[in-house]
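Undergrad: Taken in sequence, the protein lines are chains R and F.
This note's numbering numbers the first residue of the first sequence as 1 and each following residue consecutively.
This note's numbering numbers the first residue of the second sequence as 1 and each following residue consecutively.
These are calculated hints, taken from the structure and not from any lab test.
The model shown is predicted, which means the values in this text are computed figures rather than measured ones.
From the three backbone atoms N, C-alpha and C, an ideal C-beta is built for every residue, glycine too.
Any given hint could be a false lead.
Chain R side only, calculated, beta carbon under 8 Å to chain F, not exhaustive [to be verified]: (1) 70; (2) 71; (3) 77; (4) 140; (5) 143.
Read off the chains here:
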Amino acid sequence: MPDTVKAIDTVVNIWTPEALAGRPDRRQFYTGKIGLDTGTFEGISHEEMLRRMDASGIEVAFLIAAKVGQLGHPSCYHVPYELVADAVQAHPDRFRGLAGLDPTEGMRGVRAFEHAIKEYGFVGGHFYPHWYELGPDHAKWYPFYTKACELDVPLQLQVGQSLVYDERYPRRSVGRPIALDAVACDFPELKLIGIHVGIPWTEEMIAMAWKHKNVYIGCDAHSPKHWPQAFVHYLNTYGQDKVLFGTDFPVLGFERTMAEIRALDLRPGVLDKLLRHNAAKLYRL
Amino acid sequence: MSDIIDVSVNFRPNTKVGVYDYLRIDRSLVKPFDPDGYIAEMDQAGVAMSGLIANVSANGIGGEEHFVRAEELSPFLKKYPDRYFGWVGINPLRKMEMVRYIEYAVKELGFKGVHVYPHWFGVPINDRIYYPIYAKCCELGIPITLQVGTHSMRSGAKCVGRPILLDDVAFDFPDLKLIGLHLGAPWLEEMVMLAKAYEHVYIIADAHPPSTWGKPLLDYIAERDWANKDGSHKVMWGTDWPVQTVAKSLAEVDALGFDPEVKARLIGGNARRILGL
Numbered sequence: 001m002p003d004t005v006k007a008i009d010t011v012v013n014i015w016t017p018e019a020l021a022g023r024p025d026r027r028q029f030y031t032g033k034i035g036l037d038t039g040t041f042e043g044i045s046h047e048e049m050l051r052r053m054d055a056s057g058i059e060v061a062f063l064i065a066a067k068v069g070q071l072g073h074p075s076c077y078h079v080p081y082e083l084v085a086d087a088v089q090a091h092p093d094r095f096r097g098l099a100g101l102d103p104t105e106g107m108r109g110v111r112a113f114e115h116a117i118k119e120y121g122f123v124g125g126h127f128y129p130h131w132y133e134l135g136p137d138h139a140k141w142y143p144f145y146t147k148a149c150e151l152d153v154p155l156q157l158q159v160g161q162s163l164v165y166d167e168r169y170p171r172r173s174v175g176r177p178i179a180l181d182a183v184a185c186d187f188p189e190l191k192l193i194g195i196h197v198g199i200p201w202t203e204e205m206i207a208m209a210w211k212h213k214n215v216y217i218g219c220d221a222h223s224p225k226h227w228p229q230a231f232v233h234y235l236n237t238y239g240q241d242k243v244l245f246g247t248d249f250p251v252l253g254f255e256r257t258m259a260e261i262r263a264l265d266l267r268p269g270v271l272d273k274l275l276r277h278n279a280a281k282l283y284r285l
Numbered sequence: 001m002s003d004i005i006d007v008s009v010n011f012r013p014n015t016k017v018g019v020y021d022y023l024r025i026d027r028s029l030v031k032p033f034d035p036d037g038y039i040a041e042m043d044q045a046g047v048a049m050s051g052l053i054a055n056v057s058a059n060g061i062g063g064e065e066h067f068v069r070a071e072e073l074s075p076f077l078k079k080y081p082d083r084y085f086g087w088v089g090i091n092p093l094r095k096m097e098m099v100r101y102i103e104y105a106v107k108e109l110g111f112k113g114v115h116v117y118p119h120w121f122g123v124p125i126n127d128r129i130y131y132p133i134y135a136k137c138c139e140l141g142i143p144i145t146l147q148v149g150t151h152s153m154r155s156g157a158k159c160v161g162r163p164i165l166l167d168d169v170a171f172d173f174p175d176l177k178l179i180g181l182h183l184g185a186p187w188l189e190e191m192v193m194l195a196k197a198y199e200h201v202y203i204i205a206d207a208h209p210p211s212t213w214g215k216p217l218l219d220y221i222a223e224r225d226w227a228n229k230d231g232s233h234k235v236m237w238g239t240d241w242p243v244q245t246v247a248k249s250l251a252e253v254d255a256l257g258f259d260p261e262v263k264a265r266l267i268g269g270n271a272r273r274i275l276g277l
């Protein structure tokens, strides 16, 4: 293991067989489009996840209790917050919780979010604009932004393209990074992380992170060896304090992602910030 | 003591706006609200309680802000807790600052609801910038009232509050007590439709002399049309002092000839129930 800091993976899907049970079938997406091996696709224990993290130099993973679309459609599901809370409780030094958000839940969802932060000790929120076809600047997200400001916790959201995760429920890509401009202007104190880089609007995402003090970028879900040149330059230079490490496991595996990041041969100090310090500071770990 | 409640009284009206010229109101006659003296006027007219508004406006959109702070008004709420209750006015453009201010005014100073004059700020009332305000009202379990319908004439404001815009808000916040202020004129039918459609949408009938209230509103209050089962329970009378005054306004309500129970709800009972007074 190279001599670097222990990493914090800020974007990880809880992936135990228990968590996967009863979910809509995504085999085609994960094993086809993403190329995930069948064994991992079927689910891994927390112990196996921790073993893989250890082998890759990752100390902490943020587990997402994702809310994936509005309940009622067979392609949509919500990971119960309690499932992530249990994992965090079992491995408090290795896992942290992120609360998924569904804007169609309105105040009920806002109250559940507050409960997750205050009672379960989750460190922030997470949402997928495209699963609701409601862009980040849509009014229905604003009560959640309000609550995140009040609780002073960061929110991460997928920006850039979304894919067809389930052919029964194709969704449009509504999370263009420029949509964060309105949000950041309306809530200057809100800490926002555009995850999945922002591809194919990487430069738009960089513009947002450069413009707004509290807007950050998550580097997850896209293999580092394919990262756009503009993004590598940003995180290696003037954006070195604004990019957070993540994998979006199981979309990317821990070991290969870490190896590819190390192969980028970043400037001295930048790698440590990317892998750990930026996340530790933003999430106050 | 009667059970008459005037739900809307402006604490310190903004006399800089141009509507005073248009309506030919002599500004020197518009005295600052005198909370001690006004009790006598309420007594004379048989009014039990008045809702004082820490009103916020601007001298036209983007113009000088006229912001009556909650602290200015709260001594009188404390001094006459049985006679006055407070509406905390806001400027929606100030976003999170207002969210925190509302929480403070309600929790620390005992204000009963939020009050907005949207047309001075130029943003439609179903816009995203209002959603933090609505969310906070839900959380605190307090009502919000917004002026709907026409805005002040010749004052640099614009109409951003057609009643129908409340449809989005009522849909997205089904538990929020959402109150259309100033009848919704000239779109009374729109306002009445919303009050029928949503359990927690209400109307404050103020600012316009009762003698001029339109038929859709009168029919709704009296529950005259067939698809109307709750109108007598959902409208609250007010003056919008100094725009209307209590004795004259109450005399005009009398002349409308509502059944006694209906009238009693309109001029007090509904306010007590809906606003939790």
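Undergrad: All hints, please: hold or fail.
TA: Going through the hints against the structure:
1. 70: At 14 Å from the nearest chain F Cβ, residue 70(R) fails the 8 Å test, so the hint is violated.
2. 71: Because about 17 Å separates residue 71(R) from the closest Cβ in chain F, which is outside the 8 Å limit, the hint is violated.
3. 77: violated (23 Å)
4. 140: Residue 140(R) check passes; min Cβ-Cβ to chain F is 6 Å, inside 8 Å.
5. 143: holds (4 Å)
The structure fails hints 1, 2 and 3 (numbered hints given earlier, in ascending order).
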